[in-house]
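With chain S fixed as given, assemble chain E onto it according to the hints.
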Amino acid sequence: MEASEIQAILNCQSGNLKDFGILYDKYIEKIYSFVFFRVNHKESTQDIVSDVFFKALNKINRFDMNKASFSTWLYSIARNSVIDYYRGKKSDISIDDLTVKAEDSDVESEIDCRLKLDEIKKYLDEFSPLQQEIITMRIWDELSYKEIKQVMNMSEGALKMTVARILKKIRKDPKLVNSLLCFFL
Amino acid sequence: MNNNINKLLQDIYKLDPELKSRENELIALIGKIKDTKNKFKPDTNFVHRLRNELMSAPERDKKENFINNYINMKKYIFGGAVAFVCLLLFAVVYYPLVSKNNGDQASLNLDLGKMNIESVDNFGLLSLSRASSDSNIELSKAMGLGESAGLGSAVSSDGSADSFLVMPAPAPYSYVYMGDDFEKPNEKGNVYKRVIPADVSKQFASFIKNINLGLVDLKNFNNVGLQNLTLVEDNDFGLIININLNSAEVSIYQNWDKWPKTETNLSITDIPKDDVVIAIANNFLSKYGIDNGNYGSPVVNNQWREYYIMNDGQGQSYVPDTMQVVYPLLVEGLSVYDQGGQPVGLNVLVNVLHKKVAGVNGLRASNYQSASYELISDVEELIAEAENGGFGNSYKQNNDNEIKVELGKPKVGLVKLYNYKNGQQEEMLVPSLIFDILDKPDGYYGRQKVIVLLVKEMEREQPMPMIEPAILR
Chain S
1 MEASEIQAIL
11 NCQSGNLKDF
21 GILYDKYIEK
31 IYSFVFFRVN
41 HKESTQDIVS
51 DVFFKALNKI
61 NRFDMNKASF
71 STWLYSIARN
81 SVIDYYRGKK
91 SDISIDDLTV
101 KAEDSDVESE
111 IDCRLKLDEI
121 KKYLDEFSPL
131 QQEIITMRIW
141 DELSYKEIKQ
151 VMNMSEGALK
161 MTVARILKKI
171 RKDPKLVNSL
181 LCFFL
Chain E
1 MNNNINKLLQ
11 DIYKLDPELK
21 SRENELIALI
31 GKIKDTKNKF
41 KPDTNFVHRL
51 RNELMSAPER
61 DKKENFINNY
71 INMKKYIFGG
81 AVAFVCLLLF
91 AVVYYPLVSK
101 NNGDQASLNL
111 DLGKMNIESV
121 DNFGLLSLSR
131 ASSDSNIELS
141 KAMGLGESAG
151 LGSAVSSDGS
161 ADSFLVMPAP
171 APYSYVYMGD
181 DFEKPNEKGN
191 VYKRVIPADV
201 SKQFASFIKN
211 INLGLVDLKN
221 FNNVGLQNLT
231 LVEDNDFGLI
241 ININLNSAEV
251 SIYQNWDKWP
261 KTETNLSITD
271 IPKDDVVIAI
281 ANNFLSKYGI
291 DNGNYGSPVV
301 NNQWREYYIM
311 NDGQGQSYVP
321 DTMQVVYPLL
331 VEGLSVYDQG
341 GQPVGLNVLV
351 NVLHKKVAGV
361 NGLRASNYQS
371 ASYELISDVE
381 ELIAEAENGG
391 FGNSYKQNND
401 NEIKVELGKP
411 KVGLVKLYNY
421 KNGQQEEMLV
431 PSLIFDILDK
441 PDGYYGRQKV
451 IVLLVKEMER
461 EQPMPMIEPA
471 ILR
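So the protein sequences, as listed, match chains S and E. The first sequence begins at 1 in our numbering and counts up one residue at a time. The second sequence begins at 1 in our numbering and counts up one residue at a time.
Chain S on its own, in the form it takes in the complex (with noise of 0.2 Å):
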């Protein structure tokens, strides 16, 4: 980390939040452009956008510099953030999806941009799941090997844990391995 970026993250513990500006002036462009690609809606990008940040700035108390770069943690709370939005995002469209706003400054550069999104993503198809989160890590992302590593590796953790729990569950569970079956057969 640089050492303004340790200061402002210093002086926001100490109380002195303005210099979360320095931060968020740091990361924004990052942290959209992170959500957007995986998120690939405007609106809904932005939503959780300003989630992350005003977590970000809620907990930034809590947050051990010796246990993480400031990177990496924002990193973290926009990859759950994510998450969140997938596990509670709801099957039908929302009239916010059909209208323009008056306020949107380049629609036509958004649509574009949204198909083109499309497009890498069907390449992206023809990987793994989580190929496709290293390969966007590094190169949408622009995360470093180790910043990927860090970053993954709480997730990858969990998931695994998730995977194990599956397994035994499977084991235990006849009729489970049965309905699995039929769905994949």
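It should be emphasised that the hints constitute simulated quantities derived from the structure, not laboratory data. Note that the Cβ used here is the ideal one computed from N, Cα and C, for glycine as well. Among the hints, a few may not be true.
Claimed, not checked - Straight-line C-alpha distance at most 30 Å; calculated DSSO-like pairs for lysine-lysine:
{"#": "1", "chain 1": "S", "residue 1": "K30", "chain 2": "E", "residue 2": "K20"}
{"#": "2", "chain 1": "S", "residue 1": "K146", "chain 2": "E", "residue 2": "K261"}
{"#": "3", "chain 1": "S", "residue 1": "K30", "chain 2": "E", "residue 2": "K202"}
{"#": "4", "chain 1": "S", "residue 1": "K122", "chain 2": "E", "residue 2": "K14"}
{"#": "5", "chain 1": "E", "residue 1": "K258", "chain 2": "S", "residue 2": "K30"}
{"#": "6", "chain 1": "S", "residue 1": "K121", "chain 2": "E", "residue 2": "K14"}
{"#": "7", "chain 1": "E", "residue 1": "K14", "chain 2": "S", "residue 2": "K18"}
{"#": "8", "chain 1": "S", "residue 1": "K122", "chain 2": "E", "residue 2": "K7"}
{"#": "9", "chain 1": "S", "residue 1": "K30", "chain 2": "E", "residue 2": "K14"}
{"#": "10", "chain 1": "E", "residue 1": "K20", "chain 2": "S", "residue 2": "K26"}
{"#": "11", "chain 1": "S", "residue 1": "K26", "chain 2": "E", "residue 2": "K14"}
{"#": "12", "chain 1": "E", "residue 1": "K261", "chain 2": "S", "residue 2": "K116"}
{"#": "13", "chain 1": "S", "residue 1": "K26", "chain 2": "E", "residue 2": "K202"}
{"#": "14", "chain 1": "E", "residue 1": "K261", "chain 2": "S", "residue 2": "K122"}
{"#": "15", "chain 1": "S", "residue 1": "K122", "chain 2": "E", "residue 2": "K34"}
{"#": "16", "chain 1": "S", "residue 1": "K146", "chain 2": "E", "residue 2": "K202"}
{"#": "17", "chain 1": "S", "residue 1": "K121", "chain 2": "E", "residue 2": "K41"}
{"#": "18", "chain 1": "E", "residue 1": "K7", "chain 2": "S", "residue 2": "K146"}
{"#": "19", "chain 1": "S", "residue 1": "K121", "chain 2": "E", "residue 2": "K202"}
{"#": "20", "chain 1": "S", "residue 1": "K116", "chain 2": "E", "residue 2": "K37"}
{"#": "21", "chain 1": "E", "residue 1": "K41", "chain 2": "S", "residue 2": "K116"}
As the list claims (entries may be wrong) - Coverage of chain E stretches by chain S, computed from C-beta distances (three or more under 8 Å per stretch; other residues unrestricted):
{"#": "22", "segment": "5–19"}
{"#": "23", "segment": "30–37"}
{"#": "24", "segment": "42–50"}
{"#": "25", "segment": "176–190"}
{"#": "26", "segment": "244–257"}
Positioned in the frame of chain S, the structure of chain E alone reads:
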């Protein structure tokens, strides 16, 4: 091939070697992503609007702000300082700047390194709970992620790590005590409450006011205190020393600009033995005059190894480049633990790649009030509570397929918890029994220790029912 693309590919292969066989697809994909990324920009109206909203957000809830809480607490005058750090500070920073009278040198000796305990009548009915940041550490360790595995705690979408990427299902474990008989605890024991010497910040401020910045006359400001002081070492492997005078705490971090930015994929054989890591930590403390007299024998936090073993050979094992050495805090002969049963105290982070200390935290003034409370002395009652999961036990479902986990003979210690009172959180040390888990079953992901609080009269945190995630229903 373009060097940049080659570097990107090499990084991707390090993360997943299987992708090597799909290099042509990756190269095409990289081109498409880069092309789209170059044209992508966030909505500037949104960016400005959000910034304004964040900057005008209401002041944070002071219940969340430990620093502000301590300012409002009763003031107790203690003499002392983090002697060496303060002397170093004044020798390096203040001495050349502070004006001298008749050749006398300005100095401030606060002697905060000494532990002070003052007896008081009582703290009232205790309303104890975990602080979510500490509970995250416990949960993170319970999940085998360890503190040195990257983030050190599972960070959730709200940044506080109260929940995980995937919410854990109710623990399928039941506990059975298999240890030897143990003596019943005393009928009474001390509970400790941490207090902060409030005038330390003002004593520092009185020095600062003598500095002539040439911009403003600091002497004209009244009743000021210095909250934070940061020193930055400007040399290779330099460190940043932050002195928080509100919480009377010193933290040391890497000055990242001065450390090599090498990314190395460590293997487990690269990690030195514990005694080597501890020696590096001990040498650092000795060199910088950090008194570890209030702490017990150091131990290396090796919890990351459990996670490594679980994932070994699957290409996802992570070997951290920083090891944590913990010097457990001792208060009147008892070790202090967190809610997960892990030792709490002075932490020294050792970068094993460069064999240097990369950080220190938990170095703080140890001033406490103590009050006597009645303790649970019925051994059968204590064992029953342990077998029920102890403090903060998970919501249990009726499950005939629970896996039995054996508990060993407990040790007595102090567990760090928070007493919520009058809108503030007070840091407390509560006498407790800490039970070890014996012979963890394969794939065990439950708690690492079971804690049973010994204090009789208190409101206890209610365990939250866990909602089974949809994926497991």
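Here's how the hints hold up against the structure:
As the CA atoms of K30 of chain S and K20 of chain E are separated by approximately 27 Å, the hinted pair is consistent with the 30 Å bound. A threshold of 30 Å between alpha carbons decides the hint, and for K146 of chain S with K261 of chain E the separation of about 11 Å falls inside it, so the pair holds. At roughly 41 Å between alpha-carbon atoms, K30 of chain S and K202 of chain E are farther apart than 30 Å, so this suggested pair is violated. Restraint check for K122 of chain S and K14 of chain E: the C-alpha separation of about 24 Å stays at or below 30 Å, so the hint holds.
Restraint check: the Cα-Cα separation between K258 of chain E and K30 of chain S comes to about 25 Å, which is no more than 30 Å; the hinted pair holds. A C-alpha spacing of about 23 Å is found between K121 of chain S and K14 of chain E, which places the hinted pair at or below 30 Å, so the restraint holds. Distance restraint check for K14 of chain E and K18 of chain S: the Cα-Cα separation of roughly 40 Å exceeds the 30 Å cut-off, and the hinted pair is therefore not satisfied. The suggested pairing of K122 of chain S with K7 of chain E holds, with an alpha-carbon distance near 24 Å, which does not exceed 30 Å.
A C-alpha spacing of about 23 Å is found between K30 of chain S and K14 of chain E, which places the hinted pair at or below 30 Å, so the restraint holds. For a cut-off of 30 Å, the pair hint linking K20 of chain E to K26 of chain S is broken: about 34 Å separates their Cα positions. Distance hint between K26 of chain S and K14 of chain E is fulfilled; the C-alpha atoms sit about 28 Å from each other, no more than 30 Å. Pair hint K261 of chain E plus K116 of chain S does not hold up; C-alpha atoms about 34 Å apart against a cutoff of 30 Å.
Between K26 of chain S and K202 of chain E, the direct Cα distance comes to roughly 34 Å. Violation of the 30 Å bound is thereby established for this hinted pair. Distance check on the hinted pair: K261 of chain E and K122 of chain S sit about 35 Å apart at the alpha-carbon level, beyond 30 Å; violated. As the CA atoms of K122 of chain S and K34 of chain E are separated by approximately 16 Å, the hinted pair is consistent with the 30 Å bound. For the given pair, K146 of chain S sits about 42 Å from K202 of chain E by alpha-carbon distance, which is inconsistent with the 30 Å threshold.
Annotation: proposed proximity of K121 of chain S to K41 of chain E holds, straight-line Cα distance about 19 Å (limit 30 Å). Straight-line distance between C-alpha atoms of K7 of chain E and K146 of chain S comes to about 14 Å, which keeps the hinted pair within the 30 Å bound. At most 30 Å may separate the alpha-carbon atoms for a hinted pair to count; K121 of chain S and K202 of chain E exceed this at roughly 59 Å. Straight-line distance between C-alpha atoms of K116 of chain S and K37 of chain E comes to about 10 Å, which keeps the hinted pair within the 30 Å bound.
Of the pairs offered as hints, the one joining K41 of chain E and K116 of chain S holds, with about 14 Å between alpha carbons and a cut-off of 30 Å not exceeded. For the segment 5–19 of chain E, the stated coverage by chain S is satisfied: 8 residues place a CB nearer than 8 Å to a CB of that chain, which reaches the threshold of 3. By the rule of at least three residues with a Cβ nearer than 8 Å to a Cβ of chain S, the coverage given for the segment 30–37 of chain E holds, with 7 such residues. Given as covered by chain S, the segment 42–50 of chain E passes the check, having 7 residues with a CB less than 8 Å from a CB of that chain where 3 are the minimum.
Against chain S, the segment 176–190 of chain E contributes 0 residues with a C-beta closer than 8 Å to a partner C-beta. That does not satisfy the three-residue criterion, and the hint is violated. Coverage of the segment 244–257 of chain E by chain S holds. Counting CB-CB distances below 8 Å, 7 residues qualify, and the rule asks for three or more.
Taken one by one, the earlier hints fail for this structure at numbers 3, 7, 10, 12, 13, 14, 16, 19 and 25, listed in ascending order.
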